[in-house]
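**Student:** Both chains come to you apart, so use the hints to assemble them.
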Amino acid sequence: MSLYVIAKIDEEEYAINIEKVQTIEKVMPITRVPQTESHVKGVINLRGEIIPVISLRAKLGLPEKEYDEDTRIVVLKAYDMLVGMIVDNANEVVDIAEEDIDNLVFNEASDEFGKFVSKVGKIKDKVFLILDLKKLLDVRV
Amino acid sequence: MENNQYIDIFIEESQEHIENLNSNLLLLENDPENRQVIDEIFRSAHTLKGMAATMGFENMNKLAHKMEDVLQEVKNGQLHISHAIMDILFKCVDTLSEMLDSISQTGEDNVPIDELIFLLSGVSSKSGNKENIVQKENNASGSDTLLNVYEEDIIREAAKDNYKAYKITVHIDKGCVMKSARAFIIFNSLDEIGDIINSSPSVEDIEDEKFEDSFTVHIITKEDKESIEKRLLSIAEVNNVEVELINIDLNKEGERFVKEVSSSQSQSFENIKKSQSNNKTSKSVRVDIDRLDNLMNLVSELIIIKTRLEGLEADNKNSETVSAIEYLERITTNLHDAVMKVRMVPVERVFNRFPRMVRDLSYELGKKIVLNMYGQDTEVDRTVIDEIGDPLVHLIRNSIDHGIEIPQERLQKGKPEQGTINLRAYHEGNNVIIEVSDDGRGIDIEKVKAKAVEKGIYTAEQVNDLSKDKILDLLFRPGFSTTDKVTDISGRGVGLDVVKNKIESLNGSIEILSEINKGTKFIIKLPLTLAIIQALLVKVGDEKFAIPLNSISEIVHKKEEEIHNVQGKEVVLFRGKVIPIIRLNEVLETKKISNNGNLVCVIIKKGENLACCTVDELIGQQEIVIKPLGKYLSNVKVIAGATILGDGQVALIVDANNLF
Chain A
1 MSLYVIAKID EEEYAINIEK VQTIEKVMPI TRVPQTESHV KGVINLRGEI
51 IPVISLRAKL GLPEKEYDED TRIVVLKAYD MLVGMIVDNA NEVVDIAEED
101 IDNLVFNEAS DEFGKFVSKV GKIKDKVFLI LDLKKLLDVR V
Chain B
1 MENNQYIDIF IEESQEHIEN LNSNLLLLEN DPENRQVIDE IFRSAHTLKG
51 MAATMGFENM NKLAHKMEDV LQEVKNGQLH ISHAIMDILF KCVDTLSEML
101 DSISQTGEDN VPIDELIFLL SGVSSKSGNK ENIVQKENNA SGSDTLLNVY
151 EEDIIREAAK DNYKAYKITV HIDKGCVMKS ARAFIIFNSL DEIGDIINSS
201 PSVEDIEDEK FEDSFTVHII TKEDKESIEK RLLSIAEVNN VEVELINIDL
251 NKEGERFVKE VSSSQSQSFE NIKKSQSNNK TSKSVRVDID RLDNLMNLVS
301 ELIIIKTRLE GLEADNKNSE TVSAIEYLER ITTNLHDAVM KVRMVPVERV
351 FNRFPRMVRD LSYELGKKIV LNMYGQDTEV DRTVIDEIGD PLVHLIRNSI
401 DHGIEIPQER LQKGKPEQGT INLRAYHEGN NVIIEVSDDG RGIDIEKVKA
451 KAVEKGIYTA EQVNDLSKDK ILDLLFRPGF STTDKVTDIS GRGVGLDVVK
501 NKIESLNGSI EILSEINKGT KFIIKLPLTL AIIQALLVKV GDEKFAIPLN
551 SISEIVHKKE EEIHNVQGKE VVLFRGKVIP IIRLNEVLET KKISNNGNLV
601 CVIIKKGENL ACCTVDELIG QQEIVIKPLG KYLSNVKVIA GATILGDGQV
651 ALIVDANNLF
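As you go down the protein sequences, you meet chains A and B in turn.
Take the first sequence: its letter number 56 is residue 56 in UniProt numbering, and every next letter is one higher.
Take the second sequence: its letter number 24 is residue 24 in UniProt numbering, and every next letter is one higher.
Read the hints as simulated data drawn from the structure, not as lab findings.
Misleading hints may appear alongside valid ones.
Just a few of them, taken from the derived set where beta-carbon distance is under 7 Å, the chain B residues facing chain A [to be verified]: (1) Glu301; (2) Lys591; (3) Gly630; (4) Tyr632; (5) Leu633; (6) Val636; (7) Ile644; (8) Asp647; (9) Gly648.
Distance windows between CB atoms, simulated [unchecked claim]: (10) Gln534/B with Lys115/A: 40 to 50 Å; (11) Asp70/A with Leu312/B: 28 to 38 Å; (12) Gln567/B with Val120/A: 49 to 59 Å; (13) Asp290/B with Asn91/A: 28 to 38 Å.
Below, a list of computed lysine to any residue pairs in the SDA-like style, where the Cα atoms sit at most 20 Å apart [unchecked claim]: (14) Lys631/B with Tyr79/A; (15) Lys119/A with Ile6/A; (16) Lys26/A with Gln649/B; (17) Lys637/B with Lys26/A.
C-beta: ideal position from N, C-alpha, C; glycine also.
Looking at chain B on its own, in the form it has when it is part of the complex (with noise of 0.2 Å):
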């Protein structure tokens, strides 16, 4: 067995774990006195201890084992957490995860961990207590497990050289993801101490991983029960370990039950409670990404043939195909929706990373933060769950920095001392919308004002008569800030500009609500997916188009005598506001065909702004797959992509969001 054909679980299952090292510390920090938590600590600690080392990764290996017998002695009680002790176990938590990096890079753990080894020993109590195994008696099991006539015969030659037989039954963790390679480890290490005779299952369905979570083996040795034990259980991932000793009967030859004495001592290791735990893990199966893009493309070819079917229907009167076609529509949604819920991963993933951020940024800045998170299980796209991790902590770390106060600002303005940040994250219709609001000082609106007019974008008049949205609205323009100074936090000269280009590129949007001294709120809304979409198709010129749903407002008729010229641009009243009309045949370079003065208009917003797009034929809603224009036409912005209709035929996709 190859240890590199583990690697990647190995990362995966050691990003799992720092991932829960991470949020558990940060609940044991707030709540030092929960025993649940230290547990499930020490289970994280000590099982990538066990991973490390079945991986041969010393360092690794070697702090986490550090850090086991730290939280080891603050599982007995014999340590209290403290500031410092956090803080070297979150430093060791972000070694750990930097030596997966590089492990990931360069297939080396070559980090240096001297200073934390030293820091660690430091606070360990040194009590020499290292008796880490919890023995717990189990009832005797009187089984009789069947050996044959040969087997038998080995283990009495055996005896007479002073050899014991001993029938040990070994479980492995439930949770445990490889387990062909933990058996593997089990078998070496029971290698070195006797001879293995036989093992139920057969050694090649441990290897194929043909077993449940446990397996038995028998073997002879010089060694006794206990140190057999001791040495099972330093694996990491062995739950428990039955060891019994077998007398066979030296007279009795040829007998074929072999009777099993000696009561079985079971040993368990970990808490009951991983069992139930652990269980999510268990129920799930690891994929590789570039097998579910591959199926979502498999997908996608269906569905267009599925609309090309549907197309051909219109012409067929046959009932039973048109039946079988409806049948075929019904199923490929079905299969799609499904799909699609595999690709969904909850924003957790993103989510996670900011308790610890906050942490760590409100103590840098001597600030009182809470971070509070709802809907973390909300499911997003994969495709857009990797894209707002940036943006998100940029708002959020806008709201540390300039949002929330020093404690004792707070308390001044009659607020808790403590500033509250909450992430929330729910769906609405196709969409999932991301809140990120704090209790702060909120913004200031005539700040705000005073940079426009000394920027030169509004005059002095000019800004007065703007609406506070739209006044909001200018802290999304580049190289807008209203703070006076640049910190390390925030501010760096990035500004919500690249933010909110961000989610515009995504086809999300993004808005910002505040009041003065009680607080900021940014509203990300962002599509399910960016895979498939629903589209209007329509015709300009000759040419067919697709315009994506989500960026439509309505479709209305007009008169080519309602369109007014106002400085040279064209410009139509709907429901009582201005809108700017955008011929499409002229931004998209079509044929122009003569409308008789009446006009089909497509009204599509960007945020809060609309504009009237005229078109020359509507065709019909229809779910699109987008495909990229490929790089070498990625410069041509009115057009977002391109989809493949029913019949074959091209059509490109309009960008909303680039048409004004």
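Bound conformation, chain A alone (with noise of 0.2 Å):
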């Protein structure tokens, strides 16, 4: 069993290893560095610490959405890196058994998501996709 933190991008939910998760922010002032691709929209103030945040909805290559009361920043510590990522939603924590989680072979080129996508979780009827941490930061080991 592995707790994961679930984050919305419209009504599709992405499941998130709970022990890759430093913590779960309210949107807050972002300060934008230039020169970075269009996904990362900048650098935070993490009480004193500067921790890079990017948007989930823009590697996904979906549109933007205005930043509302829901909005979170899950802060991500993976890789030895802390990086923020923008949500619509995360406020919600499931528990996945072992057998219930699959891995998925997406075909990458068509489908945007399955670049960040490698295995599925079940609960009951209800299907998480957890996210490839690795791909999403674009880690190359």
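**Tutor:** Structure below.
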């Protein structure tokens, strides 16, 4: 059994292993960083630490949406870095059993979100896309 | 008491001793008759031996012990310093240092030493005179010590079985860091030969290091005085042992005073000089680097808050508040200075490996070179120190290999046979300057020119119009080397461009001065620290950015019509020079704000080169704390980092070195 934070983009639910999540924050002022790709929104001051922030929407190739009360920055802690990820909503944690997690084979060329999802988890009849942080954060190892 | 709690101290302390050995051996090589240096070397080897034995590192112990034997003979004048002996001793030091590396990584000192032991035995004259201990008579001390009745009874009882009671006062070296560990060893050693009745201070206090540098124990044993002395003195860092026989009047039971007869004989094992030269260590405290970094972070936070308060101050007319804030400001500035000083380390840390390097390389190349070092006590922030070692090694290797000529060539040129390399460090304003200069053959400008043409960087005509500085600057280009032969020592494909890159990444600069047949000088300029800098805050578009003050030359106003277009590039005339215009709003991708034709220009410098950066508004100068953008954004070239402003906003720091 492992716990997963559920992050929403529109109605799609993405799961992130809770061990990779440092904290979840409300939207705060973001300082834009020049000469970066469009999914990089800038940096934030998280209690004295400078953390880059990316948009999951932009990563998935979806149009941006105005930030609102529900918008969250999920601060990921993976591969020796802290990176904030903006999602529409993140207020749920689920418990997915190991045997309910399956590998997925996507056609990377055609499916935009397939680039960042390599597993799915099931709870009863609900399906969650488990984010592959290595791909999401462009870690080349 | 567990050994591993001492291992860090052991490693650090041993490193110091190995460094000492290295530098003193170099001194000895030039001055083989210097008694003081021999003593110093002997002492380092002796201490290393003792420490290694304490920690149970047998190989290290054995090697240091053998070294000590050889040094003892040198000390006694039975053996004379020769090149061969020096070489062996240097090898020993290298091996010791290898062992230490291995200990710090694996916890074992598994480095083969048989060959060295054999070599050391070879040079040793084996005179069999192993009387290491210099005996010295001391005044008899007639002090009476209080033993309680119970303890007296024990002594009396023991005396009936032919046990003798002794009062032993052990003096540990003042510089000893692991005092309690040392005491533990001493106690163990005494336990083997008899029973300890009491100790003052108490065993608990000794374990907690609650004692100066000596302690007294009472012991009953069958051993005689001499063997006790010998046993204790064989333990490292034991300076002095006083052993007194206690005579208890067997008839006068119950009397509380015990008279101590027997003159105390004290043996001063090591030079008196030691206590003087070691004062420095006993006054310092070792602090873990992480703790320092943490302290630095806290001070950084304090500076952020201070800046924020200063911002609020402007709206506050209450004079009480104003003066309190001013006071706070003064204190934070002082605190910052104090913390910075703690983080400062002398450049000696980097410099002290060079004498050895110069020695080895000059032997290898058959050159005669003397290295002079000045300003080793110049202090630089630790973050800078860690980074400048490699560039300096490179420059010195260059000087040895390409700069200094072989002795015959020097004589032919009418220069002294021995070449000189000077390494100099000093402070200049908020920077530290390090110069590496040699009196070698210098850089052949014509050769550099020819190479530039050959490489197609310039045409033959262009090259003749270039200033000397510009031509020397070519040497910093990647893949630009003027040597015809590639040697083992330098010229392995990595060149001065690597040195330059490294130094620029530290926000520093490097320049070359050279005159043919007179020599070459490299001048490196580095900031004192990398963590907190003075910066100019500016507005570009509606965003705030910080430009490090040390890369700003000045600020001027220009009109739009003063900008000219040359070959598709915007330039402006500044003090008779044509310099490029960098429109920061374009580079930083901000909103364009109409300026009515008036431009605020920040003139930034990179070495000799200037450029004119246009900004929209000047905010002011401020002390800022540099924070990295993080690994994820490490490829953003124009931004050197970020800082948190007083109001919690993040401002990006413009990397002037990468703007043009």
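**Student:** Give a verdict on every hint.
**Tutor:** Here is how each hint holds up against the structure:
no. : hint                               : in the structure
1   : Glu301                             : holds, 6 Å
2   : Lys591                             : violated, 11 Å
3   : Gly630                             : holds, 5 Å
4   : Tyr632                             : holds, 5 Å
5   : Leu633                             : holds, 5 Å
6   : Val636                             : holds, 6 Å
7   : Ile644                             : holds, 5 Å
8   : Asp647                             : violated, 10 Å
9   : Gly648                             : holds, 6 Å
10  : Gln534/B with Lys115/A: 40 to 50 Å : holds, 45 Å
11  : Asp70/A with Leu312/B: 28 to 38 Å  : holds, 33 Å
12  : Gln567/B with Val120/A: 49 to 59 Å : holds, 58 Å
13  : Asp290/B with Asn91/A: 28 to 38 Å  : holds, 36 Å
14  : Lys631/B with Tyr79/A              : holds, 10 Å
15  : Lys119/A with Ile6/A               : holds, 14 Å
16  : Lys26/A with Gln649/B              : holds, 16 Å
17  : Lys637/B with Lys26/A              : violated, 30 Å
Consistency with the previously given hints fails for numbers 2, 8 and 17, ordered from lowest to highest.
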